[in-house]
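Given next are the chains, with one letter for each unit.
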Amino acid sequence: MLARTWNSDLAYNFRTSPVALASAALALILIVAAAFAPWIAPHDPTDVASLSLMDSFKPPLGMADAEWSNPFGTDNQGRDVLSAIMFGMRISLLVGFLSVLFAIVVGVAIGLLAGYAGGIIDTLLMRVADVQLTFPSILTALLTDGVITAALPRTMREGLQIYVIIFAIGISLWPNFARTVRGSTLVERNKDYVMAARVIGVPSWRIMLSHVLPNVIGPVMVIGTLGLGLAIIAEATLSFLGVGLPPTQPSLGTLIRFGNDFLFSGQWWITVFPGLTLILMVLAINLLGDWLRDALNPRLR
Amino acid sequence: MPAQPEPPVGCMPMTKLKVLEAVAVSHYFDVSRPFLQRVFTREPRRMLRAVDDVSFAIAPGTTFALVGESGCGKSTIARLAVGLYAATDGDILFENQPLSSARAQPALRRRMNMIFQDPYASLNPRWRVTDIVAEPIRAFKLATGSADIQARVGALLAQVSLTPRDGEKYPHEFSGGQRQRISIARALASEPDFLVCDEPTSALDVSVQAQILNLMRDLQQRLGLTYLFISHNLAVVRHMADRLGVMYLGRIVEQGPAEAIFRAPRHPYTRLLLDAIPDLEQVGRARTPVGGELPSPIAPPPGCAFHPRCPLANARCRVEKPAHTTAGDVQVACHAVAEGRDA
Amino acid sequence: MALLEVQDLTVEFPGRRGTLRALDKVSFNIEAGEILGVVGESGAGKSLTGAAIVGLLERPGRIAGGQVRFDGQRIDNLPPEPMRRLRGRRIGMIFQDPLTTLNPLYTIGRQLTETMQTHARLSDAEARTKAIGWLDRVGIPAAAHRIDAYPHEFSGGQRQRVVIALALCADPVLVIADEPTTALDVSIQAQIITLLKDLTRDHGTAVMLVTHDMGVIAETADRVAVMYAGRIAEIGPVAAVIRHPAHPYSDGLMASIPSLEHRVDRLRQIDGAMPRLDAIPNGCRFNPRCPRVFDRCRQEQPELLDAGATRAACWLHAHD
Ligand SMILES: Nc1ncnc2c1ncn2[C@@H]1O[C@H](COP(=O)(O)OP(=O)(O)OP(=O)(O)O)[C@@H](O)[C@H]1O
Ligand SMILES: Nc1ncnc2c1ncn2[C@@H]1O[C@H](COP(=O)(O)OP(=O)(O)OP(=O)(O)O)[C@@H](O)[C@H]1O
Ligand code: SF4
Ligand code: SF4
Ligand SMILES: [Mg+2]
Ligand SMILES: [Mg+2]
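Chains as they are written, first to last, in our numbering: chain A, 9 to 309; chain F, 27 to 369; chain X, 287 to 606.
Just so you know, not all the hints are guaranteed correct.
[Unchecked claim] One-sided excerpt, in silico: chain X residues whose CB lies under 10 Å from chain A: (1) P390; (2) H431; (3) A435; (4) R529.
[As the list claims (entries may be wrong)] So these bits of chain A aren't anywhere near chain F, every CB distance computed over 10 Å: (5) D138; (6) D200; (7) I208.
Worth flagging that the hints you see were computed from the coordinates, not collected in a lab.
We put the CB at the ideal spot given by N, CA and C, even for glycine.
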């Protein structure tokens with residue numbers, strides 16, 4: 009199995025593409041830094057007791073008064089910016105992954121159903137997707153987030169906020185998956201291997217899951233990767249606007265918003281470093297997505 | 027036209043046994059442009075008559091073959107026969123029951139299977155060969171336990187001259203002909219007794235084709251299989267068929283015992299078809315293609331659809347659709363034959 | 287100098303259990319205006335030969351030795367980009383699998399016009415008219431209506447003809463046609479063959495025609511190569527190979543063709559199967575199935591030897 013994967017077209021393409029290798033390496037570094045933040049971050053930004061106003065507004069390395077223990081400087085409460093970024097990425101990535109996963113499950117299920125069933129079901133589902141696609145996805149996410157938050161009892165809001173955000177962003181992304189999957193399903197369901205299964209009476213749901221799904225999943229991986237970038241940005245935007253995650257769970261977007269207040273008083277590093285991290289992360293993910301799209305497209309051969 | 031076709035040869039007229047029977051079956055495809063576009067361009071709906079008023083019956087243990095030009099509706103009949111398409115008009119009976127109710131019973135459904143035309147599209151590229159061949163075994167629970175299933179799959183692969191070890195591979199690792207053999211192994215896996223074979227050997231070279239055709243005849247003799255056999259290769263059809271139907275533009279224009287038709291073809295199209303066969307003896311000969319415009323199945327010529335290309339066409343042919351006339355055991359739909367102008 | 291020269295072409299698939307050699311020192315030439323037929327057992331490497339020439343081997347397959355020269359230039363080592371241009375413009379490829387060429391999401395009209403427009407400056411309307419013309423030439427009825435249909439709306443044979451139109455519409459110098467007529471009945475086959483012959487006569491197009499239909503080969507090809515287990519077993523003028531095959535495998539092949547003249551109970555078949563690539567026998571590859579096998583066959587592998595009108599890789603024709 010390993011040998012087969014290693015020798016496959018995709019793996020070969022990957023090994024020989026500098027862009028793919030570089031962006032994968034960058035993404036890997038960022039993901040590792042985020043995943044292992046509690047063990048490798050120089051400080052624990054969530055430990056309020058260890059904070060001291062004495063340490064506030066330390067500049068990053070390369071400026072006067074910088075200290076090695078805070079390479080990216082500290083914020084107004086004396087929190088280490090680098091550590092805050094590593095913990096913030098954790099939340100950003102978690103929200104990003106889970107909302108894309110949610111969108112994939114919903115989108116793929118709807119796309120398969122629409123493509124395989126056809127007729128009125130197809131028309132209805134795709135109309136909904138089309139209408140939703142005419143709005144910018146961030147608007148959909150904002151609206152969904154607002155409506156659900158308003159509907160929740162005040163006491164539960166903070167605890168559930170992260171799930172609400174995941175749901176809101178996931179909902180804003182599903183039509184992309186549904187449309188692609190429906191397109192490929194329309195093609196696959198006419199192929200003879202599906203006919204062969206139908207002749208012996210394999211039930212439709214089984215055909216969809218075991219025959220069609222594996223053959224339409226390629227494009228889903230591409231859109232999923234590109235969607236991860238979108239989801240991370242969406243979450244940052246919501247948090248930046250103050251309707252995202254509560255300050256007790258600061259993501260990159262929250263960090264940027266806090267830092268923004270100090271941008272003009274000279275402490276630029278508090279907002280610029282989280283911002284740069286966000287850009288790098290999304291860039292690496294998008295480059296990977298673009299590469300995957302080209303590598304999986306047989307027409308470009 | 028008679029509602030009930032003549033019983034096949036070699037079969038007692040009294041019993042009229044049939045595995046599959048098609049009675050005046052038609053199938054149309056809607057090839058209109060999308061609704062809105064049609065409204066703007068004021069185009070009418072367009073129907074493509076892939077199969078038009080076709081009747082035939084297949085007796086147990088025999089082979090009914092269909093030949094005809096590419097696009098004349100052979101694969102559509104194949105798909106109708108196993109219930110993949112629903113007939114627009116007419117009835118299909120399997121073991122004297124309407125096909126849809128026969129297919130609702132697993133015991134009857136198990137008894138029919140199909141071999142597809144295109145060896146590239148008929149195998150799921152993401153499945154291992156073992157799983158492909160095992161699918162019918164699992165679907166009908168013909169074996170339980172993976173060792174048992176493996177053993178059966180191995181035996182099936184060996185039957186089509188592949189080895190059990192080929193089962194671990196994926197379809198893309200095989201050549202076109204090897205894939206077709208996998209597809210045949212899958213069709214045999216459900217132990218069917220009625221097999222629809224849509225060009226089963228056109229992707230095979232002659233030596234493998236000889237092996238497969240011999241295998242299919244052996245199976246027929248041993249297990250009493252019934253075949254609906256589709257091919258455009260007349261030599262192959264001659265080798266396999268008991269009865270033969272010649273199709274032109276969705277209709278069966280001549281049908282009867284294969285020997286009789288090959289010996290004395292009566293319909294002008296059948297004659298042209300037999301003349302157009304490439305000949306090994308005549309290296310480098312320039313063949314005269316069947317002349318004339320290829321007819322469109324969307325707007326078929328009025329009267330006899332073959333008239334624009336028929337050497338015997340006359341005024342009547344251009345307006346009146348010929349009905350089937352029966353001479354002996356052969357049915358022909360042609361005015362010239364009915365009028366005795368064909369000699 | 288021939289238009290296409292293939293010399294000692296060797297293709298290998300490195301894999302877990304060692305390297306499989308799927309083509310072993312295959313050599314042949316095709317002159318401009320000539321049609322070379324390629325026949326042989328399913329899995330013998332016919333499609334692979336075509337794919338290797340145009341640089342479309344599927345990974346991990348690779349050319350492990352030999353050369354391919356097109357118009358005097360080596361093309362086996364061309365980088366992907368120039369190879370792709372060459373393939374679109376000067377070499378037309380008709381794949382055995384229509385689905386590799388046809389994009390299921392676009393109408394066939396769009397695919398044809400796009401192909402033509404990348405090679406010649408044509409307005410949309412001109413391209414469309416030409417596309418309809420090509421569909422007509424390959425025998426798609428009601429071409430003007432069917433041009434906006436999607437690939438799955440065509441019958442098997444019609445799809446194959448669309449692929450042929452796609453390969454020919456850019457006026458290539460060399461056409462590699464892999465089973466272009468398998469799904470076609472005799473009359474349309476005749477039309478396609480006439481089309482190919484016209485191209486070779488009028489434009490000097492060279493054609494490598496892979497097929498297992500001996501009738502088509504007899505009628506179309508000038509020379510024919512018979513392949514077995516990754517090697518050329520026999521090559522020579524078509525009449526000689528068909529009437530007096532010098533290699534026992536070609537002989538068996540010709541004998542298994544079903545005949546229209548009389549019906550036999552069993553077709554003559556060559557018993558056994560072609561060896562798997564990981565179990566190629568020593569000596570002559572055909573020896574386990576050969577009716578005329580003798581000692582030397584099991585020890586030494588024969589190269590192509592003069593055998594009257596043709597050249598055959600068989601020890602029966604050794605004169606030393
Ligand atoms: N899904 C479809 N939608 C519209 N038209 C179709 C569809 N499937 C087939 N057709 C048309 O119906 C006619 C008959 O097709 P069919 O596949 O039965 O032909 P065939 O006799 O099997 O030909 P071949 O020998 O080329 O496979 C053709 O004109 C074809 O274009
Ligand atoms: N991707 C692959 N991996 C491993 N083996 C392969 C692969 N592709 C082809 N082969 C092997 O190479 C051999 C030659 O295949 P090829 O497709 O050239 O056969 P062919 O002569 O065209 O046969 P056919 O007439 O059946 O199409 C076959 O034995 C096949 O199993
Ligand atoms: S009915 Fe007329 S046109 Fe049709 S086949 Fe007979 S003679 Fe020819
Ligand atoms: S070399 Fe020997 S085994 Fe091979 S084909 Fe000739 S006679 Fe047969
Ligand atoms: Mg067909
Ligand atoms: Mg091939």
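- [ ] Find the nearest Cβ of chain F to the Cβ of D138(A) and say whether that gap is larger than 10 Å.
- [x] Non-interface label on D138(A) holds, nearest chain F Cβ at 14 Å vs cutoff 10 Å.
Task: Check on I208(A) being off the interface with chain F, judged by Cβ distance over 10 Å - done: 5 Å, violated
Task: Evaluation of the interface hint that places R529(X) against chain A, nearest CB under 10 Å - done: The hint is violated - R529(X) has no Cβ within 10 Å of chain A, the shortest such distance being about 39 Å.
Task: Verdict on D200(A) as a residue remote from chain F, using beta-carbon distances over 10 Å - done: 4 Å, violated
- [ ] Would you settle whether the hint for P390(X) is holds or violated, based on the nearest Cβ-Cβ distance to chain A being less than 10 Å?
- [x] Holds. Min distance 4 Å.
- [ ] Using 10 Å as the Cβ threshold, decide whether A435(X) counts as touching chain A.
- [x] Hint on A435(X): violated, closest Cβ of chain A at ~13 Å, above 10 Å.
Task: Satisfaction of the H431(X) interface hint, Cβ to chain A closer than 10 Å - done: At 20 Å from the nearest chain A Cβ, H431(X) fails the 10 Å test, so the hint is violated.
Violated hints for the displayed structure, listed by number in ascending order: 2, 3, 4, 6, 7.
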